[in-house]
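Chemist: What follows is the residue order along each chain.
2 protein chains.
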Amino acid sequence: MPAYMLCLTYDGTAYHGFQIQANAPTVQLCLEQALAVLYGSTIRVEAAGRTDAGVHARGQVVNFSAPTLVPESRLPLALNGLLPEDIVVVGARQVEEDFSARRDAWAKVYAYTIDNGPFPDVLQRRYAWHVARPLDLASMQKAAACLRGRHDFRAFQAAGSCVKTTVRTLYSLKLIGRRQFIYLIFKGDGFLYKMVRNITGTLVEVGLGRLDPAVVGDILRQGCRGPAGATAPARGLCLEKVIF
Amino acid sequence: MPAYMLCLTYDGTAYHGFQIQANAPTVQLCLEQALAVLYGSTIRVEAAGRTDAGVHARGQVVNFSAPTLVPESRLPLALNGLLPEDIVVVGARQVEEDFSARRDAWAKVYAYTIDNGPFPDVLQRRYAWHVARPLDLASMQKAAACLRGRHDFRAFQAAGSCVKTTVRTLYSLKLIGRRQFIYLIFKGDGFLYKMVRNITGTLVEVGLGRLDPAVVGDILRQGCRGPAGATAPARGLCLEKVIF
Chain C
1 MPAYMLCLTY
11 DGTAYHGFQI
21 QANAPTVQLC
31 LEQALAVLYG
41 STIRVEAAGR
51 TDAGVHARGQ
61 VVNFSAPTLV
71 PESRLPLALN
81 GLLPEDIVVV
91 GARQVEEDFS
101 ARRDAWAKVY
111 AYTIDNGPFP
121 DVLQRRYAWH
131 VARPLDLASM
141 QKAAACLRGR
151 HDFRAFQAAG
161 SCVKTTVRTL
171 YSLKLIGRRQ
181 FIYLIFKGDG
191 FLYKMVRNIT
201 GTLVEVGLGR
211 LDPAVVGDIL
221 RQGCRGPAGA
231 TAPARGLCLE
241 KVIF
Chain V
1 MPAYMLCLTY
11 DGTAYHGFQI
21 QANAPTVQLC
31 LEQALAVLYG
41 STIRVEAAGR
51 TDAGVHARGQ
61 VVNFSAPTLV
71 PESRLPLALN
81 GLLPEDIVVV
91 GARQVEEDFS
101 ARRDAWAKVY
111 AYTIDNGPFP
121 DVLQRRYAWH
131 VARPLDLASM
141 QKAAACLRGR
151 HDFRAFQAAG
161 SCVKTTVRTL
171 YSLKLIGRRQ
181 FIYLIFKGDG
191 FLYKMVRNIT
201 GTLVEVGLGR
211 LDPAVVGDIL
221 RQGCRGPAGA
231 TAPARGLCLE
241 KVIF
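Respectively, the protein sequence lines represent chains C and V. The opening residue of the first sequence carries number 1 in the working numbering; numbering runs sequentially from there. The opening residue of the second sequence carries number 1 in the working numbering; numbering runs sequentially from there.
Just so you know, these hints were derived from the structure itself, not from any lab. Watch out, some of these pointers could steer you wrong.
Remember, identical chains collapse to one label, so a pair may be satisfied in a single copy or spanning two.
Using 20 angstroms as the maximum straight-line C-alpha spacing, the simulated SDA-like pairs for lysine to any residue come out as follows [as the list claims (entries may be wrong)]:
1. Lys174 <-> Arg148
2. Lys241 <-> Leu69
3. Lys241 <-> Ala158
4. Lys194 <-> Ala53
5. Lys241 <-> Pro120
6. Lys187 <-> Ala145
7. Lys142 <-> Gly49
8. Lys194 <-> Val122
9. Lys241 <-> Arg179
10. Lys187 <-> Ile43
11. Lys241 <-> Asp121
12. Lys241 <-> Gln180
13. Lys164 <-> Met1
14. Lys241 <-> Phe119
15. Lys241 <-> Val122
16. Lys194 <-> Ala159
17. Lys194 <-> Arg168
18. Lys194 <-> Asp212
19. Lys241 <-> Gly117
Just chain C, with the same shape it has in the complex (with noise of 0.2 angstroms):
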C-alpha cells in the first residue's frame, strides 16, 4: 500500500494531546476517525512529535499508509471536510514506504510565547502565558546561552521519565521580543518529556531575577534543577516545524 505524510495544524485546547488514549478526545483519534470515514478501513497514523494536552501545532507531520482510493492533492481537502474545526490538514504527499516521521526528522522547531504585557492579551490568551511582572530579556538570553548545544539535559525532563539517553542536541535557541510578547524558539534534533517547558520556566525565573543567569548552566552540568523553575503551562506552546 502506498505511504503518505500529511502536514497538520491543530489548536491544542480542546485535546488531551496527540496521542490516542482512553475515554478523551486526541488529534490522532480524531484524524484516524476521518481517515477511517475517507478509507472505508482502519488506518494508523505515527506522528513525528507526541504533543501534550493543550499543547499546538503548526507543522505537525504525521504518516500513514492507504489504498489508492485518494489523490494527495485530494486528500488535504477531502480530510478537512470530516475534521473538527480545530483541526487543518495544510499539506499531504506520497512518500516512500519506509518514511517514518518519527525517525527521519532530523530536527524539530517549537515556538513558546509569553505574553509579558501588565494584562493578557485578549485575543492570545489560548496560545501564550500571560506573565504580569516584566521579564529581563537580557539575562534571559545570556542564561538561554549555555544550553545551545549537545548536552544532557536531564535536568529538564519531567519527573518519571524513563529514556535511554537524555542527551540531546539543541541547535538554537532564540529568544524575540516583539511588542508586549516575547517569544522562546527552540530547535534541537529531539526534546525530553516537557524539556521546552521546563526550559522556559526556568528562564522566567530567570527573567523575573530570581534565578541569575550563571546558575541555568550549574543546573544543566549537575542534572538537577531543584527547586528553580516550575514548568510552564501547555497553551504556550507550539510545534512549529518539523525538518526531514
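Since the structure of chain C is provided, determine the placement of chain V on it from the hints.
Modeler: Just chain V, lined up with the frame of chain C:
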C-alpha cells in the same frame, strides 16, 4: 460622583455583541455585573462603539460614574478579577463628569482580518475570515481608494437601518498584506451599521475578480450596493482604538 473611563479588550466569540439585551450574554452585562459587585450598587456604562455579536475589541472605551471607592489605578485589576477571562480591562482613568465615550470620540479604528491562505490558520480561526481563493490585493487597493474621504455611505449600511445622516468621513483605509493575511484598517469619524463588514465583503468580491474596482465608486455614488458584496463575517472584525 466622579466619572471614569475604561479601556476594554474582549474576545467577542461568546457574546451577542456589546449592548445589553434580554436573555443573551453581552459584554455590557458582564461589565455591569462586575461593577455591581465592586461598588455594591448598579452602575451603567456607555460605550464608544456598540460592537455586534461576534466582533472583538482591542480598544473599546466605556465611561461610567461611581462612588470614590476604588482608586483609578486599581480599577483594572479589581475588575479583571471579577470578569470572565475573555474580557480584560487594560486601562482606567478619572475623567470630567460630562465626558462621553460615545459623543467625545472623534475617530474609531477598526481592523478586519482576512485569512487568504489555501487552508485556514487554525490558531486565527476565531479572529479572521478565511477566503481560500487568492485575492488580488492591488485591485482591492484600487477600489478602496475611492472610499476614502467624506461620502454618503448609505450603500454600505445594513438594510433597515435608520439614522439621521448616512454621511461619514473615512479618514483612511489601508490594506496590508502580510504572510497569508490581508488586514483592512479603517479609520473614520463614525461607521454605519455593518458598514465595515459590508465594505470588506465588497472589496473581497473585487479581489476575487468578480467585481471591477471602478464599480465600487459607482456603488458609493448610486447609494445602492445591489447584488455585489455580502456582509463579511463578524469574527474577522476588531475595534482597535477609539481616538478622543
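Chemist: Run every hint past the structure and note whether it holds.
Modeler: Quick rundown of the hints versus the structure:
1. Lys174 <-> Arg148: within (10 angstroms within a copy, 42 angstroms between copies)
2. Lys241 <-> Leu69: Result: close neither inside a copy nor across copies, 28 angstroms intra and 51 angstroms inter.
3. Lys241 <-> Ala158: neither (23 angstroms within a copy, 43 angstroms between copies)
4. Lys194 <-> Ala53: within (11 angstroms within a copy, 39 angstroms between copies)
5. Lys241 <-> Pro120: between (26 angstroms within a copy, 17 angstroms between copies)
6. Lys187 <-> Ala145: Close inside one copy (13 angstroms), not across copies (44 angstroms); limit 20 angstroms.
7. Lys142 <-> Gly49: Neither way: lysine 142 and glycine 49 sit 28 angstroms apart in one copy and 45 angstroms across, limit 20 angstroms.
8. Lys194 <-> Val122: neither (26 angstroms within a copy, 23 angstroms between copies)
9. Lys241 <-> Arg179: Close across copies (17 angstroms), not inside one copy (24 angstroms); limit 20 angstroms.
10. Lys187 <-> Ile43: The answer is neither: 30 angstroms in one copy and 52 angstroms across copies each exceed 20 angstroms.
11. Lys241 <-> Asp121: between (25 angstroms within a copy, 14 angstroms between copies)
12. Lys241 <-> Gln180: between (24 angstroms within a copy, 17 angstroms between copies)
13. Lys164 <-> Met1: For lysine 164 and methionine 1, neither the intra-copy (33 angstroms) nor the inter-copy (69 angstroms) Cα distance is at most 20 angstroms.
14. Lys241 <-> Phe119: between (30 angstroms within a copy, 17 angstroms between copies)
15. Lys241 <-> Val122: Result: close only across copies, 15 angstroms inter versus 26 angstroms intra.
16. Lys194 <-> Ala159: Classified as within; 9 angstroms inside a copy, 54 angstroms across copies.
17. Lys194 <-> Arg168: within (13 angstroms within a copy, 54 angstroms between copies)
18. Lys194 <-> Asp212: For lysine 194 and aspartate 212, neither the intra-copy (22 angstroms) nor the inter-copy (54 angstroms) Cα distance is at most 20 angstroms.
19. Lys241 <-> Gly117: between (27 angstroms within a copy, 18 angstroms between copies)
The structure fails to meet hints 2, 3, 7, 8, 10, 13 and 18 from the earlier list, while all remaining hints are met.
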